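Order-wise, the sequence lines are chains G and L. Mind the numbering: the first sequence is residues 0 to 358 in numbering that gives the first Met the number 0, read in order. Mind the numbering: the second sequence is residues 0 to 358 in numbering that gives the first Met the number 0, read in order.
Where hints are given, some of them may not hold.
Just so you know, same-sequence chains aren't split out, so a pair can sit in one copy or run between any two.
Claimed, not checked - The calculated lysine to any residue pairs, modelled on SDA-like cross-linking and capped at a C-alpha distance of 25 Å, are:
no., residue 1, residue 2
1, Lys315, Leu358
2, Lys113, Thr81
3, Lys133, Gly243
4, Lys315, Leu305
5, Lys215, Ala20
6, Lys342, Ala264
7, Lys357, Asn24
8, Lys240, Asn352
Simulated from the structure, these hints should not be mistaken for lab results. Every value quoted in this text rests on a predicted model; they were computed, and no experiment measured them.
Protein chains: 2
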Amino acid sequence: MAKITVIGAGAMGSAFTKPIADNGNDVRLWGSPLDNSIIDALKAGRDHPKHKYPLSKNISFFYHHELAEALHDADAIIMAITSDALGDVFEQIVPYLKPGILIGSVTKGFNYNKAGEIVLLPDILEERLPDKLKHQVDFVFVAGPCKAVEVLWGVPSSVTYASTNITAAEKLRSFAETDVYNVDITTDVIGTEICAAMKNAYCVGLGMAEGFPQQKNNFLHKNTKGSLFTYAVAEMGIFAKALGGTLGPVLGLPGIGDLELTGEAGRNRTLGEAIGNGLSASQAIAKMKENDITVEGYPAIKFGYLLMKTMETEGKIRSSQMPLLSGLYDILYNDAAGYESIKKLVRLCTAANISNRKL
Amino acid sequence: MAKITVIGAGAMGSAFTKPIADNGNDVRLWGSPLDNSIIDALKAGRDHPKHKYPLSKNISFFYHHELAEALHDADAIIMAITSDALGDVFEQIVPYLKPGILIGSVTKGFNYNKAGEIVLLPDILEERLPDKLKHQVDFVFVAGPCKAVEVLWGVPSSVTYASTNITAAEKLRSFAETDVYNVDITTDVIGTEICAAMKNAYCVGLGMAEGFPQQKNNFLHKNTKGSLFTYAVAEMGIFAKALGGTLGPVLGLPGIGDLELTGEAGRNRTLGEAIGNGLSASQAIAKMKENDITVEGYPAIKFGYLLMKTMETEGKIRSSQMPLLSGLYDILYNDAAGYESIKKLVRLCTAANISNRKL
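Full structure from sequences and hints, please.
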């Protein structure tokens, strides 16, 4: 039995308590300052407000001012904080870290590091680690097709744990794997994390195909969606390799699997659908902001595009290899027309002849 | 301008006339003996009965007894006949073939060759070619995420043309490609055709995940579907390589792309959903037979499984590498319980740790 503290009581953090509690670990769930009402409900034995579903019985709950208690003697910490707040919250935790502790993260995306460069989230955590802890703690990153509420329901699921230290990934797997929560492991953190970040971006494009019938005689555009899906996976592969990763996670659960899941429903798809229906991106974004809806894919397109552009100046990639990302950036940030742009992108991407790759 | 005869006036053959007519070719559409009423309607200038949509203006239509006229002086023939009838119809055409003619095929699946072995459709055509025509005609096989009616509507689409002779694939592309019907080409016929055949099989499994909510508290099982999708692509890759193909088409339009499209809707998915709802496969199949619905994925699971088993005896593959196909066979042909089987399969497939492949 391990002592495991989950940092963040939102959708994914709360759901992660289920498999680790099912494994008999001592599970503590810490709520951020934004999670007070969630912790109230959980301490009172009520359902998790976001999931409308109860958590496991044997979990301890902590308010944000109880961080020290929540982390006391922990063997593992699971970061489940939004990508923009991840660094700040991790800084609060650092003073409590001891050598040998395992740090997992279910957060996905990009952010700026302290030097102002766009990086994947592993870098955000690692740069905050004090020198004396470097190589003394291991990070494990979680990705794959995994809606939080379904984990809580006990739906058969599989995820990938990525760590440069495979032993750390195995250890977290031993804490978490159950007969319905299945874990594969990889040493390719970069390939895993680029998928985790970019699938939201590409999903906006898939959503557009779902929206096209409304402006085109109710004609379904499933062919367009199937093409875009294929090209999204191919571009994630190009991005992963240019960054130093491999195709393994791209063609595994973090890439193919999570893109399939994300394309089924959700906010990224909804944003795309609005553009597919004929709104300009500015109009679609304004509408979502009015309703206080944040869409991960929107900043992911910008982060991904800017990172690609930076890498191009470094000679690591050519943006012509990633026409879909460039096109999505044009649609989302320059109000390029959705339908005509996607039509051209399918053409451009097909010209790359990816089915003839020698793999 | 080329003279192109499409053999079969069903959904896909009729739709294929659109891009080749848009390119200004002399297009002839020949109806099989089952297509008489379709040819009646088309000759009378009415919509295609299956598509409820008109074909292009400049197409000639032929009844089955007008085969000679339909094939007169043809530069290319496109086979668009169901997989079980493909060989018989091709035998009727063989006497009209001249060296240099290009033979395309949009039919997908497996069948038995004359020796009683399970083969992909290229072998069904090639074994019927008389010696004097061997190496005198080229075959091009069409696959990818492409619903027929959407091609007719002019929806942006992309497909793969596969031929061992890349020049033949390029030639057919030059006849067919438009600004919305995009063609990528590959020399990997085996990889392309194994995907074209197997995506229907795996789609039955994806459908089950869509059906599970009905027997499980209305809990969505999108995580399960995302996992199965990933593992289906991985197994198609293993199958393709064992048969002598590559991963190119599997990770391109014929594999990832067409599986995504096929998983969105259709009969394969409907069969899976019925089993996911709690019916045994026998019950689900009986129900579909009552309604005279044929499901390509059902025989594809058997053909694929038996082919894998034969290859196993030849030392070309181990069935333990393809647990998902074996499991689907058990569900569909031995009435193994759908939910418990899929739960076990997600577990088994995850254990293969595909996200860590070195690609």
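Here is what the structure says about each hint:
1. In this assembly of identical chains, Lys315 and Leu358 lie within 25 Å of each other by CA distance both inside one copy and across copies; the values are 21 Å within and 19 Å between.
2. Proximity of Lys113 and Thr81 under a CA criterion of 25 Å is satisfied intra-copy only: 17 Å inside one chain copy versus 61 Å between copies.
3. Proximity of Lys133 to Gly243 under the C-alpha cut-off of 25 Å is restricted to the intra-copy arrangement: shortest distance 21 Å within a copy versus 47 Å between copies.
4. Proximity of Lys315 to Leu305 under the C-alpha cut-off of 25 Å is restricted to the intra-copy arrangement: shortest distance 13 Å within a copy versus 46 Å between copies.
5. In this homomeric assembly, Lys215 and Ala20 come within 25 Å of each other (Cα to Cα) only across copies, at 22 Å, whereas the closest approach inside a single copy is 50 Å.
6. Taking identical chains as interchangeable, the C-alpha atoms of Lys342 and Ala264 lie at most 25 Å apart whether they share a chain (22 Å) or sit on different chains (23 Å).
7. In the homo-oligomer, the alpha carbons of Lys357 and Asn24 never lie at most 25 Å apart, since the shortest distance is 46 Å inside one protomer and 33 Å across protomers.
8. With identical chains, the CA atoms of Lys240 and Asn352 are at most 25 Å apart both within one copy (18 Å) and between copies (19 Å).
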